[in-house]
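Undergrad: Read top to bottom, the protein sequences are chains G and A. Using my numbering, read the first sequence as starting at 1 and increasing by one per residue. Using my numbering, read the second sequence as starting at 1001 and increasing by one per residue.
In short, the hints are calculated from the structure, not lab data. There could be a bad hint or two in this list.
Claimed, not checked - Part of the chain A face toward chain G, derived, beta carbon under 7 Å:
1) His-1017
2) Thr-1018
3) Thr-1060
4) Tyr-1061
5) Leu-1062
6) Asp-1085
7) Leu-1089
8) Met-1106
9) Pro-1107
10) Arg-1108
11) Leu-1120
Unchecked claim - Pairwise CB distance ranges, derived in the manner of DEER restraints:
12) His-137/G - Gly-1123/A: 20 to 30 Å
13) Leu-304/G - Leu-1213/A: 32 to 42 Å
14) His-171/G - Gly-1123/A: 28 to 38 Å
Claimed, not checked - Listed next, the stretches of chain G that the computed footprint assigns to chain A, with coverage defined by at least 3 CB atoms under 8 Å from CB atoms of chain A:
15) 231-241
16) 284-294
C-beta: ideal position from N, C-alpha, C; glycine also.
Each chain, written out:
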Amino acid sequence: MSLSGYDQSEACGGRVLAAGPDSAGSVDETVLEVRDFLKIYGPSCPSCLESTGPRHNTSVCPRCGSTVACAGVSLTIHRGEILGLVGESGSGKSTLARCLYFDEEATGGEAYLAGYRDGRANILKAGAQQKRRIRNHLMGMVYQHPHLGLKMYFTCGGNIAEKLLAAGFCHVGRIREKAGELLRRTEIPPGRLDDLPAKFSGGMQQRVQIAKALANDPPLLLLDEVTTGLDVSVQARVLDLIRSLQRELQPAVLVVSHDLGVIRLLAGRTAVMKNGRVVETGLTDQILEDPQHPYTQLLVSSQL
Amino acid sequence: MSFLLQVENLIKYFTLHTLGGREIPGCQGVSFSLRKGEFMAVTGPSGAGKTSVIKCVYRTYLPSGGTILYRSAVCGEVDLAAAADRQVLCLRDREIGYVSQFLRVMPRVAAVDIVAEGLLRQGRPLMEARALAGEYLRRLGIPRELWDACPATFSGGEQQRVNIARALITRPRLLLLDEPTASLDLRARAMVVEMLQELKEEGTAMVGVFHDLETMRKVADQAITMNGGKSMTEQRGESRDR
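Just chain G, same shape as in the assembly (with noise of 0.2 Å):
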């Protein structure tokens, strides 16, 4: 077969990912486009996905007992954009988060990221060193638990330097001087550099793990429930801090999150997941004044 730029335009399904410099604003940068995301736990059977979702409210399959986490799951984010994804625990919103950062392995779909040749090529199916390589370079995750994505018994300044190390920063004055200012700009006392994670307290290891994802400038971010079980003053400082470090720095932001008061704060745009499924996208206003499909509805009408 020739490559010629039909065929080309056709392995990307057409689109191109990495736009030029913005004139109008950096509208349609898209950063991330994930196509038809699926993730099932255990053996699967012809029958999983035709007898789970929301209609059957299950994401168990009868027939062979696995779980479908997530099923034709479809998402873009474009640069500067905060992205919702809300819904009750076991909906399969964390478990996307942590397959586009590579902790586990997609069953299936595709997923496109702008740095990453150029958007054209499915990263989900990238080779182990490739996907290193894309987490290193390109993306930022903080976790709900603060040790997932810290070393406790590293120091703080450890934990970032582990991170610039991987994207390739080399000279040792650089990286303090790197690390410091990440440290400041996420209001953590410099003074604290040497001092190890463990002894932090909850809000701070948050802060200390979003300074460490920002550590590579990735143009994708990925907060999974990064406020839950927070205090409420502490969340209130740690979503103040995405909301500025965001404006300021222009990542991609997807925040994962149970909690629609988060997500009203954060997000532009929100899409709403239950058992395994994209049941609604929306405006993150009009998702919660004007819901349109029934869990939607539920969800709102529960809130606090």
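Dock chain A against the given chain G, drawing on the hints supplied.
TA: Relative to the frame of chain G, chain A by itself:
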């Protein structure tokens, strides 16, 4: 001159699945059009569908029928009833402002930063945005010592003024207002009217929901009165011959 906003046969109803799919009417068959620098007031009793109309234009509500043609400076002609979410967000950042009835803000964020936010989103430098935000708060009579406080603890009238400052500061081409003067005293009301007049003179078109008819008469060029979701009467040229 052509219209900036043209609403035709706008219909909104809410399907409540939690009540077995019951349909609650919002507004039905509302039509109006607005030129640059024109102000249209929407009046009528509570529950008449006034807020539904402006929330549909802002797309907080998804219209059930009809068209909302808006002539954008950056995107050309857009049907807001059907536009993509991304495009609506872009227009909100650049061209379409909204003053809600109640202020809902980020906890712990200072009043001056809440007001400055729209400018920062448009890419203005922080110091400049904050200075201008202070100017708006000063004009609206918010005491200097409150600028760095979070409005969560402000009085109703103060919150409303922060809300107005936040929307006006971006000098939108289209401004939607939901009872902007409801909880303001006379002096603050007069200042808001003055600021709205200035914005009109710059060419901003506005749609405002009002209970306060006296304030409405000072700014409105036309008015529709709504009842039971329908626009009952339409009047044009009220403040023209002032």
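Undergrad: Run the structure past the numbered hints and jot down the numbers of the failing ones, going up.
TA: none
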